[in-house]
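Enquirer: Going down the list, the sequences are from chains P and U. Just so we're aligned, residue 583 is where the first sequence starts under the numbering used here, counting upward by one. Just so we're aligned, residue 3 is where the second sequence starts under the numbering used here, counting upward by one.
Please note: incorrect hints may appear among the correct ones.
[Said to hold, decoys possible] Interface residues of chain U toward chain P, partial, derived using beta-carbon atoms under 8 Å: (1) Ile36; (2) Pro37; (3) Thr122.
[As the list claims (entries may be wrong)] Ranges between beta-carbon positions, derived for each pair: (4) Arg911(P) - Pro31(U): 34 to 44 Å; (5) Ala1026(P) - Gln137(U): 24 to 34 Å; (6) Glu893(P) - Gly138(U): 52 to 62 Å.
[Claimed, not checked] Within a straight-line C-alpha distance of at most 20 Å, the following computed EDC-like cross-link-like pairs (lysine to aspartate or glutamate) qualify: (7) Lys1028(P) - Asp1143(P); (8) Lys1120(P) - Asp133(U); (9) Lys1120(P) - Glu136(U); (10) Lys1028(P) - Glu1134(P); (11) Lys1052(P) - Glu945(P); (12) Lys790(P) - Glu1134(P).
These are calculated hints, taken from the structure and not from any lab test. Built from N, CA and C at the ideal position, the CB exists for glycine as well.
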Amino acid sequence: MDMSQYRNLFLSEAREYLKTINATVVALEESPEDRAGIDTLFRGSHSLKGMAASMEYTDIVEVAHAMEDLMIRVRDAGLPFDTGVADLLLEGTDLIDRLMSEVEAEREPRTPTGDLPQRLSCYPPAPAAAAPAAATGSAADADTAAAETNLAGTGGAFGAGTAEQERMPAQPPGDAERGKDAELSTVRVRTELLDHLINLTGELITNKHRLLNIGRDLGSAPLNEAVTETSKLLRALHDEVMKVRLMPFDAICDRFQRSVRALAKRSGKDLHFELEGREIGLDRGILEGLTDPLNHMLRNAVGHGMEESSERLAAGKPAKGTVKLSVARDRDRVLITVSDDGRGMAPQQMIAAAIRKGLITPEEAEQLSPRQALMLCCIPGFSTAQEVTDVSGRGVGMDAVNSSIQKLGGSLTIESEPGRGTRFTLTLPMTIAIIHALVVQCGAIKGAVPVTAVLRTVELRREQMATVGKRRVFYLDDEAIPLLSLNRVLGLPLGRFPDGIVPLFVTEAKGRRVGIIVDRLLGQHELFIKPLGRPLAKLQGVAGGAILGDGEVVTLLDVADLL
Amino acid sequence: MEERLLLFTLTQQGFALDLQDVAEVMEPPASYPIPRTPGHFVGLINFHGALTALVDFGLFLGHDRCTPGQGKVLVLDTRLANLALWVDEVTCVVAGSAVAARTPGEDDLTAALLETDYGTVRLLRVAALLDALEQGL
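Whenever a hint applies, use it, and build me the whole structure from the sequences.
Expert: The structure is reproduced here in structure tokens:
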């Protein structure tokens, strides 16, 4: 009998249970008396055990069974839900996840269950009035590993805490029925099918533009009208299909809970982690690209931004700090904010550090606004950390974060006030499959630059150019903007401008505005971006390509990478 | 399924590809230059909606550039890569059983040397070709 289809179903459903268990454990640490949460943990463990038993995955059954037993004691025998219970359950979900990875890879089981089932079964009950429970070494290690491997969790407070438990009334029975109805109204769809739908939609949009061009050339009113109607339908189809690609931010955000929990414990900081906007939908491709950058920013917030309790109290702040990750939508954009109420960043200190490291000259420093000074942290090698810890401080992270965000077609801004805290705001497009881009010509190459990377376009007269030091610049809003030739960056002969007008677009690179000179600006286009695949998949400076309405192929330029 | 081989020539040397690795043979299409690539990358072509890199195979091997408008383009199966090879001529398709003798190839790109009715041909190793193209970027 072919068990593979059942295996995939088991893996898919089991992962959802693991995610729910992780999220509920972290939530219960803040509200250990929440009866619904305790029931959820029991049901989750019980379901995992049952599913694993039907597939004869005995190791998973052993661990899930021990977790279920522990939750029975919490639910029925007065065992307080404390940090020790939480750590053991999280260790259990991590172990089950590893065992499931072996199942998925069709490998012989190699990961031993060790003594975890026994530790789950023998966890000592605490007095009903509860006492602070220290995390076991292995559970703290599990969280540390989870911080690195991004396992799930939901909102809660971390650091020192006590557990209290009250009995809550049982859930109304109708909820189970309503849950089943909700299940029937949804279907699972393979991501390949979704991607195929997206591709077809993109092809339709490309062909729409071709028809528009043809209609314009022919001057046929009936054709133009038909194409206009088709455009409206395509727009509606596009919007619906894009919604299919959307996944809630919740799909990745709860893993940050565990990461921040572990980091706070390791660095001895008492902090509260807030999550907002979990339900906001983002393009699947963008979600995938956000995990590492957000993880890094949260590590920085805990490692650098947050003070220890004693320092906070001395500054007149509450002992417990707050780190917040929030997601909001603004028309066709998503705003993701990582903020803290920690020590903040001082622009002058950033400038001094950058000069000391030779990243900028004193003359360049004088040109910087406070906002631009804060963006210095995105230059490779920049770090004001007094010491390198295993949490952060090597100065290799924020430049990678900024680069990742730009690759997704987004931008990063930083606001900070010394002593009050810092806010990082990522502005991202709703989708990366279809974008608006500025098409430019450099020699024989037509390239597309996402409009999110274009601050403005300029047609400069030669006499507007100046020289500062050895650099060619032009002045925009009283700021000297350095000029770079995209032809030169691409290894092409420099363009000629016999009419004395030099076209360029202004972008931001390494925290500064830069003018990128091209041969021609060819206007804004709506492009369906396609990957290049092997052998060009890793070509530096090129993030994909697109087909214009006239059938021409343009390459999508990753300006940040090129510069 | 019996092995079938697509035989083609380049500067009068014979080559072969496993027919399963080839999606289509076509006339040289319009291509659009790719920035920051070596000269043997002629450009990107639109292969039924998939952006495919067109490589002048002769130039890649160190021979002369293919003559524009002449030759044939072999588009590889998109499950392997988004790659098309510009060659001089496609000879024919032969069954693997028609190969008189096989000897090991003398370089990484050559899986085997095959003795056929059309002379000795080099059976290309697609994976090695892809690696070599990527390393050159």
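Enquirer: Run every hint past the structure and note whether it holds.
Expert: Comparing the hints with the structure gives:
1. Ile36: OK, holds: Ile36(U) within 8 Å of chain P, min 6 Å.
2. Pro37: Holds: closest Cβ of chain P sits about 4 Å from Pro37(U), inside 8 Å.
3. Thr122: It is violated, given that the least Cβ distance between Thr122(U) and chain P is near 27 Å, above 8 Å.
4. Arg911(P) - Pro31(U): 34 to 44 Å: holds, 42 Å
5. Ala1026(P) - Gln137(U): 24 to 34 Å: With Cβ atoms ~25 Å apart, the hint holds.
6. Glu893(P) - Gly138(U): 52 to 62 Å: Holds, since Glu893(P) and Gly138(U) (Cβ atoms, about 54 Å apart) stay within the stated range.
7. Lys1028(P) - Asp1143(P): holds, 17 Å
8. Lys1120(P) - Asp133(U): holds, 12 Å
9. Lys1120(P) - Glu136(U): holds, 8 Å
10. Lys1028(P) - Glu1134(P): holds, 9 Å
11. Lys1052(P) - Glu945(P): Roughly 13 Å separates the two Cα atoms, so the pair holds.
12. Lys790(P) - Glu1134(P): holds, 14 Å
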